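Here are the chains, one letter per residue:
Protein chains: 2
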Amino acid sequence: MNKEINKIPYKIYLEESEMPAQYYNVRADMKKKPAPLLNPATLQPMTQEELSAVFCEELVRQELDDTTAYFDIPQEIRDFYKMYRPSPLVRAYCLEEKLQTPAKIYYKFEGNNTSGSHKLNSAIAQAYYAKQQGLKGVTTETGAGQWGTALSMACAYLGLDCRVYMVKVSYEQKPFRREVMRTYGANVTPSPSMTTEVGKKILAEHPGTTGSLGCAISEAVEDATTHEGYRYVLGSVLNQVLLHQSVIGLETKTAMDKYGIKPDVIIGCAGGGSNLGGLISPFMGEKLRGEADYQFIAVEPASCPSLTRGKYAYDFCDTGMVCPLAKMYTLGSGFIPSANHAGGLRYHGMSSTLSELYDQGLMEARSVEQTEVFKAAEEFARIEGILPAPESSHAIKVAIDEALKCKETGEEKTILFGLTGTGYFDLKAYESFNNGTMTDYIPTDEDLQKGFDGIPQFPGNEI
Amino acid sequence: MNKEINKIPYKIYLEESEMPAQYYNVRADMKKKPAPLLNPATLQPMTQEELSAVFCEELVRQELDDTTAYFDIPQEIRDFYKMYRPSPLVRAYCLEEKLQTPAKIYYKFEGNNTSGSHKLNSAIAQAYYAKQQGLKGVTTETGAGQWGTALSMACAYLGLDCRVYMVKVSYEQKPFRREVMRTYGANVTPSPSMTTEVGKKILAEHPGTTGSLGCAISEAVEDATTHEGYRYVLGSVLNQVLLHQSVIGLETKTAMDKYGIKPDVIIGCAGGGSNLGGLISPFMGEKLRGEADYQFIAVEPASCPSLTRGKYAYDFCDTGMVCPLAKMYTLGSGFIPSANHAGGLRYHGMSSTLSELYDQGLMEARSVEQTEVFKAAEEFARIEGILPAPESSHAIKVAIDEALKCKETGEEKTILFGLTGTGYFDLKAYESFNNGTMTDYIPTDEDLQKGFDGIPQFPGNEI
Numbered sequence: 000m001n002k003e004i005n006k007i008p009y010k011i012y013l014e015e016s017e018m019p020a021q022y023y024n025v026r027a028d029m030k031k032k033p034a035p036l037l038n039p040a041t042l043q044p045m046t047q048e049e050l051s052a053v054f055c056e057e058l059v060r061q062e063l064d065d066t067t068a069y070f071d072i073p074q075e076i077r078d079f080y081k082m083y084r085p086s087p088l089v090r091a092y093c094l095e096e097k098l099q100t101p102a103k104i105y106y107k108f109e110g111n112n113t114s115g116s117h118k119l120n121s122a123i124a125q126a127y128y129a130k131q132q133g134l135k136g137v138t139t140e141t142g143a144g145q146w147g148t149a150l151s152m153a154c155a156y157l158g159l160d161c162r163v164y165m166v167k168v169s170y171e172q173k174p175f176r177r178e179v180m181r182t183y184g185a186n187v188t189p190s191p192s193m194t195t196e197v198g199k200k201i202l203a204e205h206p207g208t209t210g211s212l213g214c215a216i217s218e219a220v221e222d223a224t225t226h227e228g229y230r231y232v233l234g235s236v237l238n239q240v241l242l243h244q245s246v247i248g249l250e251t252k253t254a255m256d257k258y259g260i261k262p263d264v265i266i267g268c269a270g271g272g273s274n275l276g277g278l279i280s281p282f283m284g285e286k287l288r289g290e291a292d293y294q295f296i297a298v299e300p301a302s303c304p305s306l307t308r309g310k311y312a313y314d315f316c317d318t319g320m321v322c323p324l325a326k327m328y329t330l331g332s333g334f335i336p337s338a339n340h341a342g343g344l345r346y347h348g349m350s351s352t353l354s355e356l357y358d359q360g361l362m363e364a365r366s367v368e369q370t371e372v373f374k375a376a377e378e379f380a381r382i383e384g385i386l387p388a389p390e391s392s393h394a395i396k397v398a399i400d401e402a403l404k405c406k407e408t409g410e411e412k413t414i415l416f417g418l419t420g421t422g423y424f425d426l427k428a429y430e431s432f433n434n435g436t437m438t439d440y441i442p443t444d445e446d447l448q449k450g451f452d453g454i455p456q457f458p459g460n461e462i
Numbered sequence: 000m001n002k003e004i005n006k007i008p009y010k011i012y013l014e015e016s017e018m019p020a021q022y023y024n025v026r027a028d029m030k031k032k033p034a035p036l037l038n039p040a041t042l043q044p045m046t047q048e049e050l051s052a053v054f055c056e057e058l059v060r061q062e063l064d065d066t067t068a069y070f071d072i073p074q075e076i077r078d079f080y081k082m083y084r085p086s087p088l089v090r091a092y093c094l095e096e097k098l099q100t101p102a103k104i105y106y107k108f109e110g111n112n113t114s115g116s117h118k119l120n121s122a123i124a125q126a127y128y129a130k131q132q133g134l135k136g137v138t139t140e141t142g143a144g145q146w147g148t149a150l151s152m153a154c155a156y157l158g159l160d161c162r163v164y165m166v167k168v169s170y171e172q173k174p175f176r177r178e179v180m181r182t183y184g185a186n187v188t189p190s191p192s193m194t195t196e197v198g199k200k201i202l203a204e205h206p207g208t209t210g211s212l213g214c215a216i217s218e219a220v221e222d223a224t225t226h227e228g229y230r231y232v233l234g235s236v237l238n239q240v241l242l243h244q245s246v247i248g249l250e251t252k253t254a255m256d257k258y259g260i261k262p263d264v265i266i267g268c269a270g271g272g273s274n275l276g277g278l279i280s281p282f283m284g285e286k287l288r289g290e291a292d293y294q295f296i297a298v299e300p301a302s303c304p305s306l307t308r309g310k311y312a313y314d315f316c317d318t319g320m321v322c323p324l325a326k327m328y329t330l331g332s333g334f335i336p337s338a339n340h341a342g343g344l345r346y347h348g349m350s351s352t353l354s355e356l357y358d359q360g361l362m363e364a365r366s367v368e369q370t371e372v373f374k375a376a377e378e379f380a381r382i383e384g385i386l387p388a389p390e391s392s393h394a395i396k397v398a399i400d401e402a403l404k405c406k407e408t409g410e411e412k413t414i415l416f417g418l419t420g421t422g423y424f425d426l427k428a429y430e431s432f433n434n435g436t437m438t439d440y441i442p443t444d445e446d447l448q449k450g451f452d453g454i455p456q457f458p459g460n461e462i
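Protein chains in written order, with numbering that gives the first Met the number 0: chain A, 0 to 462; chain B, 0 to 462.
It should be emphasised that the hints constitute simulated quantities derived from the structure, not laboratory data.
A portion of the hints provided could be inaccurate.
Same chains, same label: a pair holds when it works inside one copy or across any pair of copies.
[As the list claims (entries may be wrong)] Listed below are the simulated DSS-like cross-link pairs for lysine-lysine, each with C-alpha atoms no more than 27 Å apart in a straight line:
(1) Lys81 - Lys406
(2) Lys412 - Lys286
(3) Lys81 - Lys10
(4) Lys97 - Lys406
(5) Lys97 - Lys130
(6) Lys81 - Lys412
(7) Lys374 - Lys81
A quick note: this is a predicted structure, and the numbers were derived from the prediction, not measured.
Using the sequences and the hints given, assemble the complete structure.
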């Protein structure tokens with residue numbers, strides 16, 4: 000059915016020896032660096048010491064280092080990667096044929112592991128450094144559940160204790176996600192809980208609450224800071240996470256270079272930015288160094304449009320306001336996104352690094368509505384044989400749009416997108432789409448203003 | 000952490016050009032052939048014409064041909080395989096280290112596709128031949144749901160209508176499986192239903208019934224035979240299915256030959272026999288031709304022990320007794336297995352080909368209890384990073400047993416097992432294991448006798 004099959008295989012798998020030996024830190028090549036995290040009490044940059052009370056020491060070093068371009072990947076992490084990496088770079092021959100486009104479409108598929116997403120790339124690194132520091136365990140929060148699952152797997156492998164605060168509504172509605180974590184030995188607590196002071200306080204004030212990510216973060220941080228030998232870990236937004244996720248882009252670039260492929264457009268979904276940042280890092284590095292040019296597109300839900308409609312300002316990373324201030328595109332830490340099915344994209348802010356790249360005009364952003372995203376997801380599933388996660392399907396939607404534009408113009412562009420994960424635990428969402436009961440929601444300017452009103456005001460942070 | 004990593008990678012992926020171009024038919028190398036299917040009315044072998052009323056013509060030809068060793072795989076099927084194959088042959092370095100065994104353990108992992116199992120290998124072949132024959136669609140039954148999902152994916156790819164009768168209790172208890180099939184455009188009907196005569200009859204007799212595989216088969220066969228342009232397809236037991244599944248063994252053998260690996264023991268779980276038959280076929284061929292020797296072990300649940308405790312006789316393939324008689328190891332078509340969580344292994348009989356090989360002493364069989372299977376599954380998940388299906392975990396259990404024997408004896412055996420699928424849709428079972436509420440059940444001799452009493456009696460079929 001296809002023409003060039005002999006030249007480029009359906010799936011490019013690197014050899015183990017071709018897998019990256021170092022993480023790439025895109026901040027090193029940025030002339031204007033992302034703004035530092037601030038201590039909300041002093042408005043001064045957070046120090047190694049301050050951050051080390053919450054996070055592992057080596058991870059804090061990675062977080063604060065914006066000049067070192069490459070960090071060696073320890074052998075134990077590389078061995079773990081070999082269990083599920085290299086991930087395939089897939090040529091979407093079937094999709095191209097179906098769309099009748101002259102464009103060449105590729106996707107890097109990160110879903111072929113039990114956590115179901117790219118989150119495992121950073122989970123094992125964070126668990127490794129916690130173990131190196133001699134810690135007993137780590138705490139975290141999880142909403143949709145991918146991050147909690149990934150961290151559970153990494154901790155089981157290394158023999159670390161793993162304590163996950165899972166937003167209560169997800170804990171109850173996604174019992175299977177919870178069971179995967181339990182199978183990997185994690186202690187999963189529905190949040191808010193009676194095991195933390197902040198949880199007790201919230202339950203006293205709102206007895207029937209089903210929880211929120213902000214509350215779960217606060218509980219996980221309290222748990223880590225009040226128990227000897229524990230630290231808190233986070234699956235997105237932070238610079239360290241983008242650093243670890245650079246393995247996605249590094250593998251992609253090696254595979255493409257091997258076959259002489261150069262992408263014109265690189266597309267990824269963006270919630271906190273971990274997948275998009277990881278995918279584009281080495282390509283963005285080339286662009287920053289003036290060695291090559293690429294078009295980068297971040298895709299976000301129209302219901303939670305931090306890049307396309309947010310403000311670029313210092314804001315809290317969590318709704319509980321216990322974390323440092325980060326400069327980022329934000330909808331305000333009090334913004335409550337509608338119940339969009341792409342749980343991984345329901346975050347009010349965006350990675351500081353990606354925010355700065357976007358602000359410098361080095362990256363574009365688009366927002367899409369969820370029913371059209373699921374239409375693209377279903378089409379993709381039937382044609383390419385992979386049931387995609389709702390989050391990933393945002394990138395699919397824009398990749399298809401771009402390929403159809405090529406059909407109109409006749410351009411033979413090479414399109415690359417990140418397929419971050421599978422939708423096996425999102426079938427409630429697919430059911431709602433299959434039944435025709437899925438709806439769209441776009442916040443009004445007034446809705447957004449309420450969120451913006453909560454952004455802290457101080458000299459230099461006017462919005 | 001490991002020694003020989005440089006020699007053998009964690010995962011061996013073949014190149015697309017190394018994927019099999021032909022299916023291998025192990026019956027061609029058997030001196031004593033499997034017994035033919037019999038027409039229950041005449042007790043004469045079923046003819047091409049008789050079988051073609053129910054099955055696609057080319058598939059009937061494959062079913063009846065026990066002399067042709069190789070069948071070309073059509074290009075369109077090979078292109079589809081490239082979307083999710085070659086599947087990795089994994090060296091279980093982490094498991095070996097954990098067990099401290101001198102044994103070398105390999106597994107062929109068939110779960111990295113959206114259907115979650117090896118079933119897709121035969122689904123695409125059967126759908127392809129249906130399409131070639133100019134049919135509108137196919138009908139089938141599904142219990143646990145892997146086969147129905149695989150067939151839905153294959154039909155969506157080829158534009159065929161797909162009508163799945165899903166055992167009512169599974170339809171209600173596994174809504175997510177159902178939604179995957181619907182996302183792939185399949186028409187999924189809970190069985191028994193009011194859309195067939197046999198369904199109406201059963202519902203009139205047993206108004207509250209939650210259905211059975213036997214009933215769903217009867218409905219699917221009636222649907223196919225009463226609608227122009229439809230045929231019935233089946234995901235296991237039949238010779239044609241083992242033929243298609245030979246791609247598992249052929250890829251494994253190519254990968255092993257490439258690295259100079261020769262397995263001593265080959266282990267697979269056995270329900271109807273599709274995975275085990277596919278995995279062992281090319282190795283068994285060598286054994287039959289006297290070119291090499293291997294130990295083969297079929298693993299079945301102690302709750303449904305067709306090989307280890309069944310009778311070798313002609314029996315009905317379905318509880319509704321609408322299908323031809325097959326000679327096989329059987330517990331009787333009326334045997335009702337306990338509610339074991341490995342739905343794919345709850346079948347009263349066994350592939351005729353495997354039954355004959357077992358009867359000739361060319362293959363061994365073992366039965367294991369489900370709590371020890373889940374213990375092995377959880378251990379494997381934590382060590383190797385893959386959450387296995389309950390069915391596949393039967394093979395894991397025996398592979399671990401064999402590796403531990405090597406630890407005692409000091410033998411450096413090479414153990415190969417088939418990891419047929421993932422457990423993402425089996426988390427109710429894991430939940431029961433995690434909660435400590437899982438139980439075991441072994442049928443008594445009296446239980447088995449009731450099943451044996453239903454085996455048809457005729458001259459030459461005494462049990």
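Q) Quick one: Lys81 to Lys406, C-alpha cut-off 27 Å, is that within a copy, between copies, both, or neither? A) between (39 Å within a copy, 25 Å between copies)
Q) Is it within, between, both or neither when you check Lys97 against Lys130 at 27 Å Cα-Cα? A) between (48 Å within a copy, 18 Å between copies)
Q | Intra- versus inter-copy proximity for Lys81 and Lys374 (alpha-carbon distance at most 27 Å) | A | Between copies only: 25 Å across chains, 34 Å inside a chain, cut-off 27 Å.
Q. Are the CA atoms of Lys412 and Lys286 at most 27 Å apart within a copy, between copies, both, or neither?
A. This pair counts as within: shortest intra-copy Cα distance 18 Å, inter-copy 52 Å.
Q: If the cutoff is 27 Å on CA atoms, where do Lys81 and Lys10 land: within, between, both or neither? Let me know, please.
A: both (17 Å within a copy, 8 Å between copies)
Q: State whether the alpha carbon distance between Lys97 and Lys406 is at most 27 Å within one copy, between copies, both, or neither.
A: So Lys97 and Lys406 pass the 27 Å test inside one copy only (12 Å; across, 54 Å).
**Q.** Intra- versus inter-subunit Cα pairing at 27 Å for Lys81 with Lys412
**A.** Close across copies (24 Å), not inside one copy (32 Å); limit 27 Å.
Violation of the numbered hints given earlier is absent; every hint is satisfied by the structure.
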